[in-house]
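Residue strings, one per chain:
Protein chains: 2
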Amino acid sequence: MTASDLISFARGAPSLDIIDVAGLKAATDAALTQDPGGALGYGTAIGYPPLRKLLAERHGVAEDQVLVTNGSMQADAFLFDQLVVSGSPVVVERPTYDRTLLGLRERGADVRPVALDLDGIDTEELAALLDGGLRPTFAHIIPNFQNPAGYTLSLAKRKRLLELAEQYDFVVFEDDPYAQIRFAGEPLPTMLELDEGRGRVVYASSFSKTVAPGVRVGYIVGPKELVARVRARATNTYISPNMFAQAVVYQFCVDGGLDRSIAKVNAALAERVATLCAALAEQLPEAKFTAPEGGYFMWVELPEGVDVARLLPAAEERGVTFVKGTDFLLEGGASTMRLAYSGVRADQIAEGVGRLAEALRSLRVAAG
Amino acid sequence: MTASDLISFARGAPSLDIIDVAGLKAATDAALTQDPGGALGYGTAIGYPPLRKLLAERHGVAEDQVLVTNGSMQADAFLFDQLVVSGSPVVVERPTYDRTLLGLRERGADVRPVALDLDGIDTEELAALLDGGLRPTFAHIIPNFQNPAGYTLSLAKRKRLLELAEQYDFVVFEDDPYAQIRFAGEPLPTMLELDEGRGRVVYASSFSKTVAPGVRVGYIVGPKELVARVRARATNTYISPNMFAQAVVYQFCVDGGLDRSIAKVNAALAERVATLCAALAEQLPEAKFTAPEGGYFMWVELPEGVDVARLLPAAEERGVTFVKGTDFLLEGGASTMRLAYSGVRADQIAEGVGRLAEALRSLRVAAG
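Chains as they are written, first to last, in UniProt numbering: chain V, 1 to 368; chain R, 1 to 368.
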C-alpha cells in the first residue's frame, strides 16, 4: 500500500473536489482589479474593512465588534491570551476539540470538562458545578456539529447557558466554524444573537469550511472593549492579517461564490454521511453513532472493551485512519473514535469502513 | 486640505505604482492551476513547502532551518517568545524600528541600545559593554538600509559582530527585510552566510518590500533546533500560515515576477532618493542626512534646538507628515526625523519638502 491508498477519516479538512478553485481564481482577479491597494497594501489589525463590514452586517453588530484574523485558531489564541491566566477555571465540553484543550492547558487554565449529550453540553451538570462554587472565566462551546462529536446544542440549552452565564458572570465563547455546513434540519439562532447585545458572548467563526482552509480567514465578534484589546495585541503581533486573502474572500462572498460553495459542500457532505452510516450499519453493526445534521465529524462508540488505541495501528496497517476519542478527552473514552468524512470522497467510504471492520476483527482474532 | 492631499513620509510601505498587480493575478492563476490542493488546503506551520525549499536554496541552508510565516513581524514575535524572558538583556541599535522596541519591552526585555553609525552599530561600544559584563540574549541588528536610519552595516563590522557573538555567547538576530532593495553600491554578504553554519545567527526577512505587504509572507532561517521550537509554537497558534498567499508568492518567484518587481521597485526608489536629496538641499539646507543606497528610509537631523515634536503638527497642518526620531529611541533625538520615500511618488516629493520647510519656518516665526 502506498500513502495515496490511505483512506483518512482523521483530518477535519475538505477534499479538493468540494473547493471552488475556479471561483477563487475569478474572485482574485476581481479583488486585484477593484481594490489593488486594499488587497496588496498593509492593512490594520481589524482585517480587510469591507469584509469586516459584511460580517458585522451578517451578525447584526457594530463594525468595531468584529476583528478578522488569520484563521479562527489565531483568533482563539488571541482571546485565550486576553482571558486566561494560570489557574483560570474554563469550562469545556467533554469531549472537545483537541487544539482547544492544548491551547488552554498551555496557558495554565484549570480545564473543567462537562458532559456533552446529543443535544449539547449538559447544562444541569454545569449548573450543579456553578452551584457548588465553580466560577469559570468562560465556557468554550462548539454549538453546531461539535468537533469531535458532531452534536448540536439545542435552542433550550442555548438559552439556559446564557441564563447561567448571566447569573454566574462568565463569558460564553461560542466557537462556531461549522454553522453554515448544515445539510439537514433547521438552523438555530446563535447565542451571540440570543444574547441581544448584553456582552455575554464572544463568537468565533471562519471561512475554512465554506471557502477553503488555505485562505486562513477567521474572525471574532464580541464586546467592543474586548475586541479592542485583541486588536491591540494583533497589531503588535503582525501589523495586519492577510489582506490579499481577505480581499479575495470578500469578493468571493459578494459575487455569490460563497453561497454556491456552501450548497456544493453541503450536498457532498450529506451524501457522505448517508454512505458512511449505511456502511457502518452493514459492516460494523456493533458501532453506535448518531448521524450528524451538518459539519465534518461523527463520533462512534465501539463496544466496551474495544481498545481503540490498539485498533488504530491495526487500521493503519490496513490503509485506513481516524482519530482516537481519547485525544479529545482528559480521561476516559477508550472505546470511542472520531470519523471525519470531510476529506473522504463518497466512493471511498465503504472501502474505508470495510478496512476498519477488518482491523476490528483482527483484534478479536488476536485476543481469541 | 483633504486627506488625499496629505503627502506622507511617515509609513514604510510601497506606493501602489511599484506593486506588480498584473503579475500577481497571473501568479494566482498559475498557483491555483498547478497546485490547488497545496494552495487551498491546510498546510503545516512550516509554510508552503515549495517556497520553503526555494528559500533554503537561496540561503544555502537545510530546509528544516527555514520557517515561512505570516509576515516577518509574526516571525519576530515567535522568536521573541522563544528567546526573551522578563529581564533578558537585548542589544538593539540606537535608533531602531519602533515595533521592535515595543515587542521587546512588552516581553520585559532589558533593552540595551548601542549607537548606530553610518556604517552600522558601533561594535566597539558594544565590545566595551560586553567587556563590562553585559551578557545579552541576542543583538537585534537591521544590517541593510536600517529602519529608521537607512544606514548599512559594513563588512568589517559584520565580521566583528560575529566574533563578539562567538566570544560572549549571544545570538545575532539579523532582521533583513530590505536586503534586495539596493539601488546603489554593492551587496554585502549576510551574517547568516558569514557565520558558516555555526548557529550564531537567526535571520528574518520578508516579501513585503519585494512583492507586496498585503501578502504577509515572511520567514526565518536559523539553527534547526530553534526553528523546530518556533514551528511548534506556530502550529499551536494557527495550524498553518496563509498557504494561498505563499503559493502565489512562490509562483511569482519562479515565473520571474520577483526579479522584475525588484528591478522596478529599485529604479523607482533610486529616483525618489535623488529627488528627495535635491529637494532637501535646495529647500531645507539646514537638514543633515546621508543618501541611502537602498531601502525605504532616510534619517534627517535638523539643527540642535529644533523641536521635532512641535514641527510635526505644524507640518501636518500644511499637508505633510513623517515620524519623529524620538519614536525610535528610548531617549534623545529631539531634532531628528525619519523620512520614508517608499510611499511617495517622485512627483510629490518636492512639494512635500516645501511644506516641511514652511512648517520649520513657522516655528521660527512663532519663536521670534
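It is worth saying that the hints were derived from the structure and are not from the lab. Careful: at least some of the hints might be erroneous.
Copies of one chain are not kept apart here, so a pair can be met inside one copy or by any two copies together.
Derived lysine-lysine pairs resembling DSSO-like cross-links, with alpha carbons at most 27 Å apart [as the list claims (entries may be wrong)]:
1. K264 - K224
2. K159 - K224
3. K288 - K25
4. K264 - K25
5. K25 - K159
6. K159 - K264
7. K53 - K25
8. K224 - K53
9. K53 - K288
10. K264 - K53
Each hint tested on the structure:
no., hint, in the structure
1, K264 - K224, "neither (35 Å within a copy, 43 Å between copies)"
2, K159 - K224, "within (23 Å within a copy, 50 Å between copies)"
3, K288 - K25, "neither (42 Å within a copy, 49 Å between copies)"
4, K264 - K25, "both (17 Å within a copy, 26 Å between copies)"
5, K25 - K159, "neither (42 Å within a copy, 47 Å between copies)"
6, K159 - K264, "neither (32 Å within a copy, 59 Å between copies)"
7, K53 - K25, "both (23 Å within a copy, 25 Å between copies)"
8, K224 - K53, "within (15 Å within a copy, 42 Å between copies)"
9, K53 - K288, "neither (44 Å within a copy, 46 Å between copies)"
10, K264 - K53, "within (26 Å within a copy, 35 Å between copies)"
Of the numbered hints given earlier, the model fails hints 1, 3, 5, 6, 9; all others are met.
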